[in-house]
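2 protein chains.
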Amino acid sequence: MRDCSLAVTSMWALSFKLGVEVLAAVRLEILKEDIKTRARLGRLHTPHGMIETPVFMPVGTQATVKSMTPEELEEIGAGIILSNTYHLFLRPGPELIRAAGGLHSFMHWGGAILTDSGGFQVFSLGDLRRISEEGVEFRSHLDGSRQFLSPEIATEVQMVLGSDIVMAFDECAPYPCSHEYARDSSARTTRWAARCKETLGVSAGQALFGIVQGGTFKDLRRESAAGITALDLPGYAVGGLSVGEPKEVMYEILDDTVPLLPADRPRYLMGVGSPDALIEGVMRGIDMFDCVLPTRIARNGTALTRFGKLVVRNATVARDFSPIDPTCDCYTCRHYSRAYVRHLLKADEILGLRLMTIHNLRFLQNLMREIREAIAAERLPAYRREFFVGYGYPL
Amino acid sequence: MRDCSLAVTSMWALSFKLGVEVLAAVRLEILKEDIKTRARLGRLHTPHGMIETPVFMPVGTQATVKSMTPEELEEIGAGIILSNTYHLFLRPGPELIRAAGGLHSFMHWGGAILTDSGGFQVFSLGDLRRISEEGVEFRSHLDGSRQFLSPEIATEVQMVLGSDIVMAFDECAPYPCSHEYARDSSARTTRWAARCKETLGVSAGQALFGIVQGGTFKDLRRESAAGITALDLPGYAVGGLSVGEPKEVMYEILDDTVPLLPADRPRYLMGVGSPDALIEGVMRGIDMFDCVLPTRIARNGTALTRFGKLVVRNATVARDFSPIDPTCDCYTCRHYSRAYVRHLLKADEILGLRLMTIHNLRFLQNLMREIREAIAAERLPAYRREFFVGYGYPL
Chain A
1 MRDCSLAVTS MWALSFKLGV EVLAAVRLEI LKEDIKTRAR LGRLHTPHGM IETPVFMPVG
61 TQATVKSMTP EELEEIGAGI ILSNTYHLFL RPGPELIRAA GGLHSFMHWG GAILTDSGGF
121 QVFSLGDLRR ISEEGVEFRS HLDGSRQFLS PEIATEVQMV LGSDIVMAFD ECAPYPCSHE
181 YARDSSARTT RWAARCKETL GVSAGQALFG IVQGGTFKDL RRESAAGITA LDLPGYAVGG
241 LSVGEPKEVM YEILDDTVPL LPADRPRYLM GVGSPDALIE GVMRGIDMFD CVLPTRIARN
301 GTALTRFGKL VVRNATVARD FSPIDPTCDC YTCRHYSRAY VRHLLKADEI LGLRLMTIHN
361 LRFLQNLMRE IREAIAAERL PAYRREFFVG YGYPL
Chain Y
396 MRDCSLAVTS MWALSFKLGV EVLAAVRLEI LKEDIKTRAR LGRLHTPHGM IETPVFMPVG
456 TQATVKSMTP EELEEIGAGI ILSNTYHLFL RPGPELIRAA GGLHSFMHWG GAILTDSGGF
516 QVFSLGDLRR ISEEGVEFRS HLDGSRQFLS PEIATEVQMV LGSDIVMAFD ECAPYPCSHE
576 YARDSSARTT RWAARCKETL GVSAGQALFG IVQGGTFKDL RRESAAGITA LDLPGYAVGG
636 LSVGEPKEVM YEILDDTVPL LPADRPRYLM GVGSPDALIE GVMRGIDMFD CVLPTRIARN
696 GTALTRFGKL VVRNATVARD FSPIDPTCDC YTCRHYSRAY VRHLLKADEI LGLRLMTIHN
756 LRFLQNLMRE IREAIAAERL PAYRREFFVG YGYPL
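Those protein sequence lines, which keep their order, are chains A and Y. Residues 1 to 395 (my numbering) are what the first sequence spells out, left to right. Residues 396 to 790 (my numbering) are what the second sequence spells out, left to right.
Only chain A is shown next, with the shape it has when bound in the complex:
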């Protein structure tokens, strides 16, 4: 992987040991702010490498980006991935990953890792969980066993994982939900974020990101942003969006909320990965995104292409010997035809899932690169228009 990663880690560790907190574990260097939109071009410095922003982070829920090796992730251009505290907490468990020397070592990944806090998954369990001020009791989806996560435990687990970016333990309120529910929930998320900060302390090489909640209520979003940013954290996420609300509602919330986040810190929009929302998010000032969409639809046989989604399973491509996307430079498009990939998918062959996943992830990496180039060239709105027209999105 990256030979320099150990040296970089040591340097960061050293700066903390000396008590000279000259550098945060994770820091956003802003190269350019767009004049036409709120987009920013930057470099996210982490203990495991520098990542150009805006960036899309592939999701590696169970300590693996489904079907991919770390080398393949590097080849498609990924420098940072997301992994899930909830899943790793239950299986294989933090003690095993501690014994393995942390998540990077366990999964052989030399790039940066952001771990979510488990909040999203726990709250998705519905009837299987019980919330208190202390934390959340829930039943494991694996074996039904009784489990408990709190801001302290979720943070401690992430400290064991050794992720570069630790997400605060939050409640992601459902959509729709009442103003009262959203208010109580986001206020608790703010109190919990303070406990996460207290727990992490100045853990060398790890940065805590707070999460703004508040549902689709602008007043609550503002309250939440004020409370979370008051904690002076190295980064901020917008959570609780892309959970079923119309995209216009998400864009409105972003229009309203993002300007409340400090301009010098990275901003991360959680759970967003459709091409249109990536572009719209960047234009509203977002630097980081993650989503299971590209990998999940890949395994279902749907490819992202410059010309819209292509259902590679469909009979229409059975005798189509062109690449999935003729404009794509990924391993799949360089070497295989739609007909072959379709054959693999129809025959339930693992290589089919791999080739689809490689393509979709590379497609989003290329999209993000083009977005960055468009910001640099001060033509992001024009790029949006061109991309939307090609993809078939309404303008």
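Derived from the structure by calculation, the hints contain no laboratory data. Possibly wrong hints are sitting among the right ones.
Between beta-carbon pairs, the in silico distance windows are [stated by the list, open to error]:
no., chain 1, residue 1, chain 2, residue 2, range
1, Y, L790, A, R91, 52 to 58 Å
2, Y, L520, A, E75, 40 to 46 Å
3, Y, R764, A, S322, 38 to 44 Å
4, Y, N695, A, E245, 41 to 47 Å
5, Y, R525, A, S140, 38 to 44 Å
6, A, A226, Y, R691, 55 to 61 Å
7, A, N300, Y, A625, 51 to 57 Å
8, Y, E551, A, R319, 37 to 43 Å
What you are looking at is a predicted structure, and each value in this text was computed from that prediction instead of being measured. The beta-carbon is built from N, C-alpha and C at its ideal position, and this holds for glycine as well.
Given chain A, work out where chain Y should sit, using these hints.
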């Protein structure tokens, strides 16, 4: 893949066009004959590269070695793979592969390909098939549709696939079976082989291998070998073994049959891939092997190691951070622990199947390399002893 493959193919094609059959499409160059055993060290020259023998061929049933890319096959050292006529005949069908420019192009594999004839699969269908002198009528395992394969059709399909080695359409008699059944069946297989030869003609770049049958009856094996070798084919296989009979019976048949095959032609033992049988087969004069064993048990969570089989799914390796086989140089063993691979298998992650498959295939490639080195050093019996002791096989 291999940039030279096109040039080589053209050269072979040319030699046939000129009517100068100076080179068979596939030819075995024998480098050394062991003095203590019947083992031979050689080079199999094919239109898609030279392969050192004895060789184990990974199985790519549906135009893909399960979970592997062609580049990964090259990395583990595979120069020739097997693919299955029966499966490709049914899906995606020969017409699609013809349109793709043949199987090599369809699946992006620059190495050599041996295709079986479909006989083994068709005869495995039991009640779903009806045999006549003309061929076999059967029902597809995919959709129950009525299908027909004959020596001519099986050969024509393989001509479309463009495999380097075309296997004759044979009947693999079940074990056990009566002397009468085995006699009629192997006699028909010999008549069918002549029809396959007639059908292939001097197809440029393709070599037909005949298959010796005869069940576990030495007299029938001798008759079959006499009939098949009378066809003067570029290679011969021993079929109908490793179908349930005790290994000692297989070794006895090999002791008796292999000497009847011409020494200057490659000899292929079908469906054998356990480490002991590979070594025993080589000592009895076999040059080529194939088997789904390494890839199939990999996906079930069992690894081949120098110290015997390791069930990586077992709880005993849950906290074992050593590689699957500390003596192995494969990608998996270089970068991952047993604990991580077990985690992936338990979590049903595709990467787990990939890492296991890479390891098992590399293990057999290394075994075959060591066998070749032992032949070169004239110490194959000693190597057998050492390997058997380490693996835990009885001597």
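Going down the list of hints, with the structure as the test:
The hinted range of 52 to 58 Å is not satisfied by Y/L790 and A/R91, whose Cβ atoms lie roughly 42 Å apart. Checked against the given bound of 40 to 46 Å, the beta carbons of Y/L520 and A/E75, roughly 42 Å apart, stay inside it. Y/R764 and A/S322 have their C-beta atoms about 40 Å apart, which keeps the hinted 38 to 44 Å range intact. Taken as a hint, the range 41 to 47 Å holds for the pair Y/N695 and A/E245, whose Cβ atoms sit roughly 44 Å apart.
For the hinted restraint 38 to 44 Å between Y/R525 and A/S140, the CB-CB distance of approximately 53 Å leaves it violated. About 59 Å separates the C-beta atoms of A/A226 and Y/R691, a value consistent with the hinted range of 55 to 61 Å. For A/N300 paired with Y/A625, a C-beta distance near 54 Å keeps the hint of 51 to 57 Å intact. The beta-carbon spacing between Y/E551 and A/R319, approximately 20 Å, falls outside the hinted interval of 37 to 43 Å.
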